[in-house]
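Colleague: So the protein lines, in turn, are chains A and B.
No gaps in the numbering here: position 12 of the first sequence is 12 in the working numbering, and each next residue is one more.
Quick note: to get the working numbering, add 100 to the position in the second sequence (first position is 1).
Hints in this document: simulated from the structure, not taken from any laboratory.
Honestly, I wouldn't trust all of these hints.
[What the hints assert, rightly or not] Below, computed lysine-lysine pairings styled on DSS-like, alpha-carbon distance capped at 27 Å:
no., chain 1, residue 1, chain 2, residue 2
1, A, Lys18, B, Lys276
2, A, Lys15, B, Lys276
3, B, Lys178, A, Lys38
4, A, Lys18, B, Lys223
5, B, Lys223, A, Lys15
6, B, Lys276, B, Lys178
7, B, Lys178, B, Lys159
8, B, Lys128, B, Lys276
9, B, Lys288, A, Lys18
10, B, Lys248, A, Lys15
11, B, Lys178, B, Lys166
12, B, Lys159, A, Lys38
13, A, Lys38, B, Lys128
14, B, Lys111, A, Lys38
15, A, Lys18, B, Lys128
16, A, Lys15, B, Lys128
17, B, Lys111, B, Lys166
18, B, Lys223, B, Lys159
19, B, Lys248, B, Lys185
[What the hints assert, rightly or not] Okay, the calculated beta carbon distance ranges per label pair:
no., chain 1, residue 1, chain 2, residue 2, range
20, A, Lys18, B, Arg274, 13 to 21 Å
21, A, Ser57, B, Phe106, 21 to 29 Å
22, A, Asp21, B, Glu269, 18 to 26 Å
23, A, Phe53, B, Ala123, 38 to 46 Å
24, A, Leu68, B, Glu105, 50 to 58 Å
25, A, Leu64, B, Thr255, 53 to 61 Å
26, B, Arg274, A, Asn29, 32 to 40 Å
[Unchecked claim] Just a few of them, taken from the derived set where beta-carbon distance is under 10 Å, the chain A residues facing chain B:
no., residue
27, Glu14
28, Lys15
29, Thr16
30, Leu17
31, Ser19
32, Leu32
33, Tyr33
34, Ile40
35, Arg74
Idealized CB from N, CA, C, for every residue including glycine.
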Amino acid sequence: MEAKNPDHDSSREEKTLKSLDNMQRAHANPLLYDRIMKSIESAEAKIVSMPPFQRWSIAAGLALLILLNAYSLRQHGHPHKGNAYDPFAKEYFSYLENQF
Amino acid sequence: MNENEFIRSLKEGRREAFNQLWADLGNKVFNTALSMLQHTEDAEDITQEVFTEVFHSVKNFKGESKLSTWVYRITITKCLDFQRKKNRKKRFGFMQNLFGEESNEPLRDIPHFYHPGVQLENKERAAILWLAIDRLPERQRTAFILSKTEDLSYTEIAGVMDISLASVESLLVRAKQNLQGHLREYYKKPKNQAQVLKQINI
Chain A
1 MEAKNPDHDS
11 SREEKTLKSL
21 DNMQRAHANP
31 LLYDRIMKSI
41 ESAEAKIVSM
51 PPFQRWSIAA
61 GLALLILLNA
71 YSLRQHGHPH
81 KGNAYDPFAK
91 EYFSYLENQF
Chain B
101 MNENEFIRSL
111 KEGRREAFNQ
121 LWADLGNKVF
131 NTALSMLQHT
141 EDAEDITQEV
151 FTEVFHSVKN
161 FKGESKLSTW
171 VYRITITKCL
181 DFQRKKNRKK
191 RFGFMQNLFG
201 EESNEPLRDI
211 PHFYHPGVQL
221 ENKERAAILW
231 LAIDRLPERQ
241 RTAFILSKTE
251 DLSYTEIAGV
261 MDISLASVES
271 LLVRAKQNLQ
281 GHLREYYKKP
291 KNQAQVLKQI
301 NI
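The following block holds chain A by itself, in its conformation from the complex (with noise of 0.2 Å):
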C-alpha cells in the first residue's frame, strides 16, 4: 500500500484553486468618481483659462525665435569648406619631406 506524501496534497490545492469561485466583484470608493470629475475639470480648465491675447503672444514669440534662428543660420552659418584637417596634415607631410 502506498503511504500518503504529506508533502503533496493535490486536494489543498484543488481546494485553494477553487477559493476564487463565486467571489464578488469589489467596489469602488464612491468618492473616487468625485477625484476623477475634479481632477478633469481642473485638466480642462487650465486649458480654458488661458486667455486668447496669452496664447497668442506665446504663438507669436515662438514663431519669432524660429524666424531669429532661421535668419541666423543663413547670415552666419556657412557651410565648412575644406578639411578641418589640412593645417595639421600640411605640417605632418612637411615633416615627412624633412625625414625622407
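Knowing the structure of chain A, use the given hints to seat chain B on it.
Modeller: Same frame as chain A, now just chain B:
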C-alpha cells in the same frame, strides 16, 4: 439608448453620459485593477487614470469593439505599465542592496492581499492563491484574472487581449498548471504550512 447613441453622447462630452459610463464600468475597472495590482490605493489611481484617458480619447474611439472591451483594454495596459515601472524600481532597489544600500520594499513570500469580494471561508486560501497569481507571467495572469474575477467569456477575453480564442484557452490552461506548481511549492515549505494552519485555525 443604444451603444452607438451612448458613444455619441460621450464624444459630445455630456456629463450624464460619463456618469452612466462610471455606473456601468467603474467597479469593473476598479476590480480589474485591484486584482492585477493587489493594492487598493494603486488600483484607485489606475481607475482614475483610465477614466481620465477614456474622457479625453473617446473622440478617437472607432467602435471596432464594444466600449467595455476598449475600457478593459486600457485598464489592462495601464496596470501592466504600472507594474513594469514598479518592477524596474524593485530591480534598481535590488542593485542598491547589492552595493550595500538598504531597500524598504517588503519581501512578498507571505500572503499580503485580501480581496474584499472573496467569501469569508475562502479568505485565507484565496490570499495564498493571490500570491501565486502574482508570480504568473503577464499574459497568463491577465487572462486568468479576466476569467476568474471579471467572469468574462473566452471571446471577451480574446477581444480585450487582442488574441485568438485558442490562445485564450492555452493561456488559461498554462496559468492553471503554473498556479498548481506554485501552490505545491508553497505548501511544501514547512514555514508556510504552519502559517496556513494557524491562519485557517486547523
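Colleague: Now tell me, hint by hint, if it's right for this structure.
Modeller: Verification of the hints:
1. Lys18(A) with Lys276(B): Distance ~11 Å between Lys18(A) and Lys276(B) Cα, so the pair holds.
2. Lys15(A) with Lys276(B): Since the Cα atoms of Lys15(A) and Lys276(B) sit roughly 13 Å apart, the hinted pair holds (cutoff 27 Å).
3. Lys178(B) with Lys38(A): holds, 21 Å
4. Lys18(A) with Lys223(B): Measuring from Cα to Cα gives roughly 11 Å; hence the hint holds.
5. Lys223(B) with Lys15(A): Given that 27 Å is the threshold and the Cα spacing comes to 12 Å, the pair holds.
6. Lys276(B) with Lys178(B): Satisfied, since the Cα-Cα distance of roughly 24 Å is no more than 27 Å.
7. Lys178(B) with Lys159(B): holds, 19 Å
8. Lys128(B) with Lys276(B): holds, 23 Å
9. Lys288(B) with Lys18(A): OK: Lys288(B) and Lys18(A) at ~19 Å, within 27 Å.
10. Lys248(B) with Lys15(A): holds, 15 Å
11. Lys178(B) with Lys166(B): holds, 19 Å
12. Lys159(B) with Lys38(A): OK: Lys159(B) and Lys38(A) at ~20 Å, within 27 Å.
13. Lys38(A) with Lys128(B): holds, 21 Å
14. Lys111(B) with Lys38(A): holds, 19 Å
15. Lys18(A) with Lys128(B): holds, 21 Å
16. Lys15(A) with Lys128(B): holds, 26 Å
17. Lys111(B) with Lys166(B): holds, 15 Å
18. Lys223(B) with Lys159(B): Given pair Lys223(B), Lys159(B) is violated - Cα atoms ~42 Å apart, limit 27 Å.
19. Lys248(B) with Lys185(B): Measuring from Cα to Cα gives roughly 25 Å; hence the hint holds.
20. Lys18(A) with Arg274(B): 13 to 21 Å: Holds - the Cβ-Cβ distance for Lys18(A) and Arg274(B), about 18 Å, lies within 13 to 21 Å.
21. Ser57(A) with Phe106(B): 21 to 29 Å: violated, 41 Å
22. Asp21(A) with Glu269(B): 18 to 26 Å: holds, 19 Å
23. Phe53(A) with Ala123(B): 38 to 46 Å: holds, 41 Å
24. Leu68(A) with Glu105(B): 50 to 58 Å: Between Leu68(A) and Glu105(B), where Cβ atoms are some 52 Å apart, the hint holds.
25. Leu64(A) with Thr255(B): 53 to 61 Å: Once the Cβ atoms are compared, 57 Å apart, the range 53 to 61 Å for Thr255(B) and Leu64(A) holds.
26. Arg274(B) with Asn29(A): 32 to 40 Å: Given range 32 to 40 Å: holds, Cβ gap about 35 Å.
27. Glu14: This interface hint holds because 8 Å falls under the 10 Å limit.
28. Lys15: holds, 6 Å
29. Thr16: Constraint on Thr16(A) satisfied, holds at 5 Å.
30. Leu17: With a closest approach of 6 Å, the Leu17(A) hint holds.
31. Ser19: With Cβ-Cβ at 4 Å, under 10 Å, it holds.
32. Leu32: holds, 6 Å
33. Tyr33: holds, 5 Å
34. Ile40: holds, 5 Å
35. Arg74: violated, 40 Å
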